[in-house]
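*Asks:* Sequence:
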Amino acid sequence: MDSQAAASSMSDFNESDRKELQQFIENEHQKAKFQTNVHNLTDMCWSKCMTAKISGTTIDKNEKPCLENCVNRFIDSQKTIVKQLDYMGGRA
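Going by full-length UniProt numbering, the residue at position 35 of the sequence shown is 35; the numbering climbs one at a time, nothing skipped.
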């Protein structure tokens, strides 16, 4: 569906329904962003930390702390970015 068709079909909804639909779409975009971030985190930490060939059900003793640290630093950086964006949004 092109943007003109979407816009004309949106006019069929009342204001409340349009807001609800817009919120639903925004929530889906946020979920997609989150999934992309998780995928990127997995790739980044895997590439950085997984140096040995996997031969069983456990990872190397040096890889586990690397993975944990990588994930924790990523989460910390995301929290800092969100906090900064919230701060900037509050000033505008």
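Quick caveat, the hints were computed from the structure, so don't treat them as lab data. This one's a predicted model, so the numbers in the text were calculated from it and none came from an experiment. Just to be clear, a hint being listed does not mean it is correct.
As the list claims (entries may be wrong) - Simulated crosslink set (EDC-like; lysine to aspartate or glutamate; CA at most 20 angstroms straight-line):
| hint | residue 1 | residue 2 |
| --- | --- | --- |
| 1 | 31 | 15 |
| 2 | 53 | 20 |
| 3 | 48 | 63 |
| 4 | 53 | 43 |
| 5 | 79 | 68 |
| 6 | 53 | 76 |
| 7 | 31 | 12 |
| 8 | 79 | 63 |
| 9 | 64 | 43 |
| 10 | 53 | 63 |
| 11 | 33 | 76 |
| 12 | 61 | 76 |
| 13 | 33 | 17 |
| 14 | 31 | 68 |
| 15 | 48 | 20 |
| 16 | 48 | 86 |
*Asks:* Which earlier hints can't be squared with this structure?
*Replies:* Violated hints: 1, 2, 6, 7, 8, 12, 13, 14, 15 and 16; rest satisfied.
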